[in-house]
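Protein chains: 2
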Amino acid sequence: MRIIGSISDIRAIVRAQKKLGKTIGLVPTMGYLHKGHISLVEASVRENDYTIISIFVNPTQFGPNEDYVKYPRNMQKDSQLAEEAGVDVVFAPEAKEIYLDGFKTYVNVEGITKILCGKTRPGHFKGVATIVNKLFNIIEPDKAYFGQKDAQQVAVIKRMAADLNINIEIVACPIVREHDGLAMSSRNTYLSPDERKAALVLSRSLFEAGEMIGSGERRKGIILAQILKNLNCEKLANIEYVDILNADTMGEIKKIEGKVLIALAVKFGTTRLIDNIILEV
Amino acid sequence: MRIIGSISDIRAIVRAQKKLGKTIGLVPTMGYLHKGHISLVEASVRENDYTIISIFVNPTQFGPNEDYVKYPRNMQKDSQLAEEAGVDVVFAPEAKEIYLDGFKTYVNVEGITKILCGKTRPGHFKGVATIVNKLFNIIEPDKAYFGQKDAQQVAVIKRMAADLNINIEIVACPIVREHDGLAMSSRNTYLSPDERKAALVLSRSLFEAGEMIGSGERRKGIILAQILKNLNCEKLANIEYVDILNADTMGEIKKIEGKVLIALAVKFGTTRLIDNIILEV
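In order, the protein sequences belong to chains F and H.
Start counting the first sequence at 245; every next residue gets the next number (the numbering used here).
Start counting the second sequence at 245; every next residue gets the next number (the numbering used here).
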């Protein structure tokens with residue numbers, strides 16, 4: 245497995261593989277890899293001849309008061325995990341390789357980026373869409389893999405790909421959870437032992453909502469109220485949002501029907517976690 | 245020569261040509277072709293194995309009070325001119341093929357789109373960058389050709405290509421002029437005979453400015469004043485802007501040095517014309 249920092253080098257590698265008729269899978273990440281990321285790599289290795297993982301903590305998707313500087317990084321461990329999972333090349337550029345002097349161009353998916361995480365993280369999805377667009381242009385993969393934990397990110401990327409005629413298949417992979425239910429996230433490392441324990445309220449609330457819907461409950465207000473009740477019982481939890489939406493369009497729904505996304509964001513101390521479930525009703 | 249309306253058809257054609265090892269040149273246009281467009285086609289035919297011209301009057305780059313509906317169209321004549329110039333395929337999609345229901349994604353080059361034409365045509369360059377980005381993703385050409393008459397458009401596209409790592413060479417071709425100096429434009433067809441005559445003041449003013457600089461004048465204010473004096477002498481001319489900028493960055497300059505762009509926009513009746521010259525000092 246090779247680790248590449250330059251755009252021209254990774255392009256040469258991709259060109260050579262394509263000349264051999266190989267298909268390319270891309271797994272864009274910010275590193276500090278966990279089993280969620282590895283599940284994306286495994287899907288890519290299964291479905292493509294050649295798998296590239298990008299590891300780049302993208303400054304433009306962090307707000308001024310967010311955790312860009314302290315975001316966890318461990319290149320050595322990441323390389324080892326990537327190699328074990330079957331990655332062919334790690335693309336790990338420096339920020340100055342990605343953002344030229346005088347950089348001024350952004351890709352923005354309007355509307356869909358104003359809700360949920362977009363409300364409290366203005367500019368976040370503009371940064372995400374832009375870096376993913378750039379990685380797509382650099383690597384030109386056949387397929388690209390994203391985790392469903394970032395449900396809104398998946399919707400933004402799919403919308404961008406459709407709107408800009410990007411000829412890459414966007415694959416969303418299921419959330420991978422710890423044995424006790426906590427959704428895998430690089431930010432889980434920030435949690436104190438008490439917060440780590442408290443954070444279980446997220447998946448517990450979502451699973452209970454899923455059970456209520458499974459038992460026939462179709463009133464959105466009742467489901468939301470039950471989730472909020474659960475979250476409010478947990479003293480360390482600071483709710484940012486809970487919402488129930490159409491899972492494909494991220495549009496508002498009045499009652500529980502079709503493909504439904506229940507998504508939430510909650511802070512534990514200074515650590516902001518997100519989680520969600522998707523249900524077919 | 246074929247005329248193609250569907251994205252999947254044009255993609256199949258490009259794929260087949262690339263499989264044969266052919267290079268692809270793209271000339272994006274809004275049709276109503278004149279010799280300026282044809283010079284772009286000729287450059288593409290010279291430098292590529294296969295040339296595609298797109299003809300698409302792009303609604304998202306017109307403001308609500310602009311000339312989208314009345315913009316001149318003549319597909320039959322365009323096809324004939326394109327074929328004579330050596331075009332292999334005309335890509336002429338309907339608007340609904342290009343803009344899906346729920347379209348929400350825009351590419352925006354910030355800063356550079358706020359000056360000159362961007363001031364009076366808010367959203368124009370966002371529409372331009374977005375459609376060109378889409379055409380690039382649909383056709384995936386090796387090179388793409390743009391007319392230097394739209395100097396700011398060229399700067400926006402070059403900036404977008406660099407910023408988003410678009411692996412396509414952007415080629416700017418010189419302005420083509422009528423025998424009397426008027427820059428070729430599809431919008432010249434709007435001009436009444438009197439306006440057509442009056443419009444010569446544009447190129448005349450620019451050429452005189454070029455002569456002043458050629459004779460050693462380096463004071464921006466003096467050059468601008470002379471151009472404005474000439475334009476103001478023409479009763480039918482309504483000045484929108486005249487400016488002298490760095491030709492590469494579109495940044496402000498204090499004195500005439502380096503690669504300099506003199507650009508202007510002037511209305512004659514309801515017809516808005518632009519023109520410019522680039523000088524190396």
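Heads up, a few of these hints could be off.
Note that the list lumps identical chains together, so a pair holds whenever it fits in one copy or between two copies.
[What the hints assert, rightly or not] With a cut-off of at most 27 angstroms between alpha-carbon atoms, the simulated DSSO-like pairs for lysine-lysine come out as follows: (1) K499 with K263; (2) K370 with K464; (3) K358 with K441; (4) K348 with K503; (5) K387 with K262.
Worth flagging that the hints you see were computed from the coordinates, not collected in a lab.
Hint by hint, where does the structure go against what was stated? Just the numbers, ascending. Going through the list in order, the structure violates hints 1, 2, 3 and respects the others.
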